[in-house]
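Asker: Sequence:
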Amino acid sequence: MTDDGPGEVLDERYPARRVLNLIADKWTPIVLYCLAGGTRRFGEMQRRIPGLSKKMLIQVLRGLERDGLVHREVFQVVPPKTEYTLTELGRRLHEPVAMLCRWAADHVEELDAVERNRGSKSAI
Numbered sequence: 001m002t003d004d005g006p007g008e009v010l011d012e013r014y015p016a017r018r019v020l021n022l023i024a025d026k027w028t029p030i031v032l033y034c035l036a037g038g039t040r041r042f043g044e045m046q047r048r049i050p051g052l053s054k055k056m057l058i059q060v061l062r063g064l065e066r067d068g069l070v071h072r073e074v075f076q077v078v079p080p081k082t083e084y085t086l087t088e089l090g091r092r093l094h095e096p097v098a099m100l101c102r103w104a105a106d107h108v109e110e111l112d113a114v115e116r117n118r119g120s121k122s123a124i
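In full-length UniProt numbering, the protein residues as written are 1 to 124.
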């Protein structure tokens, strides 16, 4: 990749912007991280991720499936059983997401300070 100057980063087709468009919502990186541990059923993910509603989990999983990051397998049994697994592309994308999670774990105090700062600014 060449550096054509600062304008390249601002371009909507810039690779970093494109990947952030894939994962830059509140729940997508969390779901990716959850699925990195292996195949999961819907209910299991819902239990493992506190605060994530059923509706939002469905939306995130549909988006990840649409984007080719997650494979969904439906088993024709009663009651119905659905399993979700990261695709190869999803596993490769999980790597930088996991690095970001590790960075966050190593910088808790800084994150706390940022959140406190945000809270004091919103009160103004």
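Heads up, some of the hints might be wrong.
To be verified - Between beta-carbon pairs, the in silico distance windows are:
1. P79 - R118: 38 to 48 Å
2. Y33 - T82: 15 to 25 Å
3. R17 - M99: 30 to 40 Å
4. P79 - N21: 28 to 38 Å
5. Q76 - E8: 24 to 34 Å
6. E8 - T39: 15 to 25 Å
Said to hold, decoys possible - In silico DSSO-like links for lysine-lysine, alpha-carbon gap of 27 Å or less:
7. K55 - K81
8. K55 - K26
9. K26 - K54
10. K54 - K81
For the record, the hints were derived by calculation from the structure and aren't laboratory data. We put the beta carbon where it would ideally sit given N, CA and C, even for glycine.
Asker: Next step is simple, just say for each hint if it's right about the structure.
Answerer: Checked hints:
no.	hint	verdict
1	P79 - R118: 38 to 48 Å	43 Å, holds
2	Y33 - T82: 15 to 25 Å	20 Å, holds
3	R17 - M99: 30 to 40 Å	18 Å, violated
4	P79 - N21: 28 to 38 Å	35 Å, holds
5	Q76 - E8: 24 to 34 Å	49 Å, violated
6	E8 - T39: 15 to 25 Å	39 Å, violated
7	K55 - K81	18 Å, holds
8	K55 - K26	14 Å, holds
9	K26 - K54	15 Å, holds
10	K54 - K81	16 Å, holds
Hint compliance for this structure: hints 3, 5 and 6 are broken, all remaining hints hold.
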